[in-house]
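Engineer: Turn these sequences into a full structure, and let the hints steer you where they fit.
Next come the chains, spelled out residue by residue.
There are 2 protein chains.
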Amino acid sequence: MAMKQVANSAIKAIANSGSSSLLTRQLHASPGSKKIVGVFYKANEYFTKNPNFVGCVEGALGLRPWLESQGHQYIVTDDKEGPDCELEKHIPDLHVLISTPFHPAYVTAERIKKAKNLQLLLTAGIGSDHVDLKAAAEAGLTVAEVTGSNVVSVAEDELMRILILVRNFVPGYHQVITGDWNVAGIAYRAYDLEGKTVGTIGAGRIGKLLLQRLKPFNCNLLYHDRVKIDPELEKQTGAKFEEDLDAMLPKCDIIVINMPLTEKTRGMFDKDRIAKMKKGVLIVNNARGAIMDTQAVADACSSGHIAGYSGDVWYPQPAPKDHPWRYMPNQAMTPHISGTTIDAQLRYAAGVKDMLERYFKGEDFPEQNYIVKAGELAPQYR
Amino acid sequence: MAMKQVANSAIKAIANSGSSSLLTRQLHASPGSKKIVGVFYKANEYFTKNPNFVGCVEGALGLRPWLESQGHQYIVTDDKEGPDCELEKHIPDLHVLISTPFHPAYVTAERIKKAKNLQLLLTAGIGSDHVDLKAAAEAGLTVAEVTGSNVVSVAEDELMRILILVRNFVPGYHQVITGDWNVAGIAYRAYDLEGKTVGTIGAGRIGKLLLQRLKPFNCNLLYHDRVKIDPELEKQTGAKFEEDLDAMLPKCDIIVINMPLTEKTRGMFDKDRIAKMKKGVLIVNNARGAIMDTQAVADACSSGHIAGYSGDVWYPQPAPKDHPWRYMPNQAMTPHISGTTIDAQLRYAAGVKDMLERYFKGEDFPEQNYIVKAGELAPQYR
Chain A
1 MAMKQVANSA
11 IKAIANSGSS
21 SLLTRQLHAS
31 PGSKKIVGVF
41 YKANEYFTKN
51 PNFVGCVEGA
61 LGLRPWLESQ
71 GHQYIVTDDK
81 EGPDCELEKH
91 IPDLHVLIST
101 PFHPAYVTAE
111 RIKKAKNLQL
121 LLTAGIGSDH
131 VDLKAAAEAG
141 LTVAEVTGSN
151 VVSVAEDELM
161 RILILVRNFV
171 PGYHQVITGD
181 WNVAGIAYRA
191 YDLEGKTVGT
201 IGAGRIGKLL
211 LQRLKPFNCN
221 LLYHDRVKID
231 PELEKQTGAK
241 FEEDLDAMLP
251 KCDIIVINMP
261 LTEKTRGMFD
271 KDRIAKMKKG
281 VLIVNNARGA
291 IMDTQAVADA
301 CSSGHIAGYS
311 GDVWYPQPAP
321 KDHPWRYMPN
331 QAMTPHISGT
341 TIDAQLRYAA
351 GVKDMLERYF
361 KGEDFPEQNY
371 IVKAGELAPQ
381 YR
Chain B
1 MAMKQVANSA
11 IKAIANSGSS
21 SLLTRQLHAS
31 PGSKKIVGVF
41 YKANEYFTKN
51 PNFVGCVEGA
61 LGLRPWLESQ
71 GHQYIVTDDK
81 EGPDCELEKH
91 IPDLHVLIST
101 PFHPAYVTAE
111 RIKKAKNLQL
121 LLTAGIGSDH
131 VDLKAAAEAG
141 LTVAEVTGSN
151 VVSVAEDELM
161 RILILVRNFV
171 PGYHQVITGD
181 WNVAGIAYRA
191 YDLEGKTVGT
201 IGAGRIGKLL
211 LQRLKPFNCN
221 LLYHDRVKID
231 PELEKQTGAK
241 FEEDLDAMLP
251 KCDIIVINMP
261 LTEKTRGMFD
271 KDRIAKMKKG
281 VLIVNNARGA
291 IMDTQAVADA
301 CSSGHIAGYS
311 GDVWYPQPAP
321 KDHPWRYMPN
331 QAMTPHISGT
341 TIDAQLRYAA
351 GVKDMLERYF
361 KGEDFPEQNY
371 IVKAGELAPQ
381 YR
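Chains as they are written, first to last, in the UniProt record's numbering: chain A, 1 to 382; chain B, 1 to 382.
None of these hints come from the bench; they were simulated from the model. Any given hint could be a false lead.
Said to hold, decoys possible - DSS-like, lysine-lysine: derived pairs with alpha carbons at most 25 angstroms apart:
#  : chain 1 : residue 1 : chain 2 : residue 2
1  : A       : Lys89     : A       : Lys42
2  : B       : Lys196    : B       : Lys279
3  : B       : Lys49     : A       : Lys276
4  : A       : Lys228    : A       : Lys264
5  : B       : Lys251    : A       : Lys49
6  : B       : Lys278    : A       : Lys49
7  : A       : Lys49     : B       : Lys276
8  : A       : Lys49     : B       : Lys196
9  : A       : Lys49     : B       : Lys35
10 : B       : Lys49     : A       : Lys279
11 : B       : Lys134    : B       : Lys35
12 : A       : Lys271    : A       : Lys251
13 : A       : Lys235    : B       : Lys215
14 : A       : Lys251    : B       : Lys196
15 : B       : Lys251    : B       : Lys276
16 : A       : Lys196    : A       : Lys228
17 : A       : Lys196    : B       : Lys215
18 : B       : Lys42     : B       : Lys80
19 : A       : Lys240    : B       : Lys35
20 : A       : Lys278    : A       : Lys251
21 : A       : Lys196    : B       : Lys49
22 : B       : Lys235    : A       : Lys235
23 : A       : Lys215    : B       : Lys235
24 : A       : Lys215    : B       : Lys215
25 : B       : Lys196    : A       : Lys215
26 : A       : Lys278    : B       : Lys278
27 : B       : Lys35     : A       : Lys215
28 : B       : Lys278    : B       : Lys240
29 : B       : Lys49     : B       : Lys116
As the list claims (entries may be wrong) - Now the stretches of chain A that chain B is said to cover, found in silico as 3 or more residues with beta-carbon under 8 angstroms:
#  : segment
30 : 186-200
31 : 326-333
Treat the numbers as computed from the prediction; the structure is a model and nothing was measured. For glycine and all other residues, C-beta sits at the position ideal for the given N, C-alpha and C.
Structural biologist: And the structure:
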C-alpha cells in the first residue's frame with residue numbers, strides 16, 4: 001500500500017513535470033472547467049416511458065445537473081462514426097470521454113492522437129475493448145470501468161440463454177405468433193438442463209456468479225481459466241477445474257464464454273476449435289462477438305455441429321442488417337443488452353459519477369476499476 | 001399401512017363381486033388380452049430426428065413391442081375430437097386409455113358412459129384435468145399419472161420464463177430477425193431478477209423446486225399454499241409463507257402459478273383478482289390455462305397492468321388460431337411443451353410402462369400416482 005502511494009506520487013510528479021516521457025498527460029484533473037463527452041445509445045420515444053432510464057443519450061446518466069452546476073461542459077451524443085460525426089468534432093478538446101459497450105464509441109489510436117486534452121476514458125459498464133488500450137497506455141491516459149456493475153446482470157442473462165437453448169424456447173414462441181401449434185416440432189430437440197455438462201470458459205466474477213446460479217440445476221459443472229477459483233466456491237458449486245481448454249471442449253453439452261476480448265482471445269473460436277466441441281453443442285456468448293470467428297459459427301449452426309447459439313454481443317455493433325448470425329438456424333440472439341438493464345444502468349451511472357468526483361478532487365479510483373493506469377494494462381487485458 | 005391393505009382388499013372384493021355399487025369396474029386387469037389406446041401428438045417428419053423421441057404417436061412411448069409380445073392390442077392416434085375421430089371408435093371396447101396433457105384427449109362423462117370396458121386412465125405426464133374426474137370416480141375407474149415425471153422440467157421452464165419476462169428477451173430477438181438494432185427499445189423495460197419479489201401460488205413439488213432454483217438469484221421469495229412447506233426447506237430457500245393470497249398479490253413483482261386446475265381454481269384469476277396485483281406485474285403460468293380468465297389476461301396485458309405473461313398452457317389445447325393470448329402485447333408464450341422434453345418423455349414412458357406392468361399383474365401403483373382410486377379423488381383435485 002505504501003509502495004503504491006509512493007509509485008502514484010512518482011507518477012503524478014512525472015505527469016505534472018510536463019516531461020515528454022511515456023506519461024505525458026495528467027492522471028488527475030487540473031483545476032477549472034472540463035469538457036466531458038458521453039456517447040450513449042439514443043432512446044427517442046422510449047425515454048419518457050421509464051423515469052429510471054438513465055443509460056441513453058436523453059438520460060445522460062443523470063449527470064447533467066450535477067456536472068453543469070460544477071461549471072463543466074457536458075456534451076452527449078449517439079453520433080460516433082465517420083469523420084463528420086458529432087464525437088469527432090469534440091475529439092480535439094475533450095478532457096473526458098464516457099462511452100459504453102452497448103453503443104461503442106471506437107477510440108482508435110488516431111483519435112487518441114488527435115485528442116490533445118484527453119485525460120480520462122470512462123466506460124459506463126464493463127468491457128473497454130472498443131478502446132485501443134495499447135495506444136491509450138502509450139499516451140498516458142487513464143481508462144476505467146465500473147467494475148462489478150454488470151456482473152449480476154450478465155450472469156442472469158447467461159442462465160436465461162442456457163435455458164432458452166436447452167429447452168428450445170424460440171421455435172415454440174414462433175409457432176404462437178404465427179398461429180401454429182406443433183408440439184413435436186419443439187419437443188424433438190427440447191431437453192432439461194438437469195444432468196447436462198456445462199462448461200464456462202473464464203471463471204471471473206461473471207463466471208462465478210453463473211456457477212452459483214447453475215448449482216441447484218444439478219448439472220455437471222466445469223470451468224477453464226488461468227487459475228483455479230477459491231476452493232470454498234469450488235466446493236459450494238461443485239465445479240471442476242479443467243486446465244486444458246481443448247480437453248474440456250468435447251465434454252460439454254453447453255459452453256459459456258466468460259472472458260474479455262484481447263489480442264489473445266480474438267477469433268479464438270474458429271473452425272478448428274469448434275470442431276473439437278461435441279456435435280450438438282449449445283453455446284452462450286455474452287462476452288464479445290469478436291472472440292468467435294463469425295462465419296465459422298454461422299457454418300457450424302447450419303451444419304448442426306452447433307445446435308444452438310445465443311448471446312447479445314456481435315462484431316461490429318450495431319450488427320449490420322446482413323450479419324450472418326441474424327439468419328443462422330437455432331440462434332437466440334439479441335442486441336447488446338444484458339448489462340444495460342435499468343438496474344445495471346443505475347449502478348454504472350452511480351459508478352461513473354463516483355469516478356468523476358474522484359477525478360475532480362484528484363483522488364484515485366477504486367483499484368479494481370482501472371483498465372489502463374500509468375501506462376499499464378489491467379491483468380485481464382494483457 | 002395395514003389399514004390400507006385391508007381397505008384395498010375390501011375394494012377388490014367389492015370390485016370383483018360384480019355388485020352394482022359405486023365400484024362397478026375392476027381395479028386390476030382380468031386375465032387376457034387388453035385393448036389399450038394411446039392418444040399423443042403426431043411427430044411427422046420430426047420423429048426420425050431423435051431416437052429418444054418416444055412421446056409422440058410414432059414413438060408410442062416405446063411400448064408397442066412389449067405390449068404386443070404380451071398379446072395386447074395397442075392402438076395409437078392423435079385424432080381425438082368429434083364424433084368421427086379415431087379415439088371415438090375405440091371408446092366402446094378399450095380397457096386402458098393413455099392420454100397426455102400436451103395433446104389432451106378430453107375424457108368427458110359421456111365418453112366414460114360409453115366406455116363399458118374401460119378400467120384405467122393413465123396420464124403420460126402430469127395433470128389429469130382433461131378427464132372428468134368426478135365422472136371417472138363415480139364409474140369406479142382408476143386414474144393415475146406419472147407423478148414426478150415433469151417436476152424438474154416445469155420448474156426449469158418457469159425459471160426460464162421469469163428471466164425472459166424480467167430481462168425482456170423477446171423484443172430483442174425480434175429486432176435481430178427483422179434486421180433492426182435498438183437497444184433502448186429493449187432496455188427501457190429490462191430489469192435484473194435480483195432484488196425482485198417473486199411469489200409462487202402453490203408450493204407443491206414444482207413450486208418447491210422453483211424456490212430452490214430461485215435461491216441464488218437473491219430475490220425476495222414468497223409462497224402461498226394451503227399448508228406451510230417443510231421448515232428446513234423454508235430456511236434453505238428463505239421463502240416466506242403468505243396465508244392470505246389476496247394479501248400476497250400486491251407485494252409481488254413476479255407471480256408464478258403452481259396449482260392444479262380444479263373446480264375451485266378454474267377462472268380464479270379474473271379481472272378483480274388481477275386488479276389486486278401490482279401494476280406492471282409479470283405472470284408465469286405453466287399450470288393450466290383455464291386457471292386464468294382468458295380475456296381478463298389479454299385486457300390487462302393491453303392496458304399494461306400485466307407487463308408480461310408467459311406460459312405454455314392454454315384453454316383449449318391446441319390453442320385456436322384466434323386465441324387472444326397469441327396476439328396480446330408482452331407475451332412470451334409457447335405451445336404446451338415444458339413437461340415433454342426428451343428427458344421428461346423418457347421418464348413418463350418408463351412410468352406408464354411400470355403402471356401397466358403392475359396393472360397386468362394385479363399390483364397397486366405407487367400411491368402418489370393415483371388421481372382417482374376407488375371412487376376417491378387425490379387431495380390436490382378435491
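Engineer: Take the hints in turn and mark each one as holding or not.
Structural biologist: Structure-based check of each hint:
no. : hint                  : verdict
1   : A:Lys89 <-> A:Lys42   : 19 angstroms, holds
2   : B:Lys196 <-> B:Lys279 : 14 angstroms, holds
3   : B:Lys49 <-> A:Lys276  : 23 angstroms, holds
4   : A:Lys228 <-> A:Lys264 : 20 angstroms, holds
5   : B:Lys251 <-> A:Lys49  : 22 angstroms, holds
6   : B:Lys278 <-> A:Lys49  : 17 angstroms, holds
7   : A:Lys49 <-> B:Lys276  : 23 angstroms, holds
8   : A:Lys49 <-> B:Lys196  : 20 angstroms, holds
9   : A:Lys49 <-> B:Lys35   : 61 angstroms, violated
10  : B:Lys49 <-> A:Lys279  : 14 angstroms, holds
11  : B:Lys134 <-> B:Lys35  : 24 angstroms, holds
12  : A:Lys271 <-> A:Lys251 : 18 angstroms, holds
13  : A:Lys235 <-> B:Lys215 : 18 angstroms, holds
14  : A:Lys251 <-> B:Lys196 : 35 angstroms, violated
15  : B:Lys251 <-> B:Lys276 : 10 angstroms, holds
16  : A:Lys196 <-> A:Lys228 : 22 angstroms, holds
17  : A:Lys196 <-> B:Lys215 : 20 angstroms, holds
18  : B:Lys42 <-> B:Lys80   : 12 angstroms, holds
19  : A:Lys240 <-> B:Lys35  : 51 angstroms, violated
20  : A:Lys278 <-> A:Lys251 : 7 angstroms, holds
21  : A:Lys196 <-> B:Lys49  : 20 angstroms, holds
22  : B:Lys235 <-> A:Lys235 : 21 angstroms, holds
23  : A:Lys215 <-> B:Lys235 : 18 angstroms, holds
24  : A:Lys215 <-> B:Lys215 : 10 angstroms, holds
25  : B:Lys196 <-> A:Lys215 : 20 angstroms, holds
26  : A:Lys278 <-> B:Lys278 : 45 angstroms, violated
27  : B:Lys35 <-> A:Lys215  : 45 angstroms, violated
28  : B:Lys278 <-> B:Lys240 : 18 angstroms, holds
29  : B:Lys49 <-> B:Lys116  : 39 angstroms, violated
30  : 186-200               : holds (count 10)
31  : 326-333               : holds (count 5)
Violated hints, listed in ascending order, are 9, 14, 19, 26, 27, 29; each of the other numbered hints is respected by the structure.
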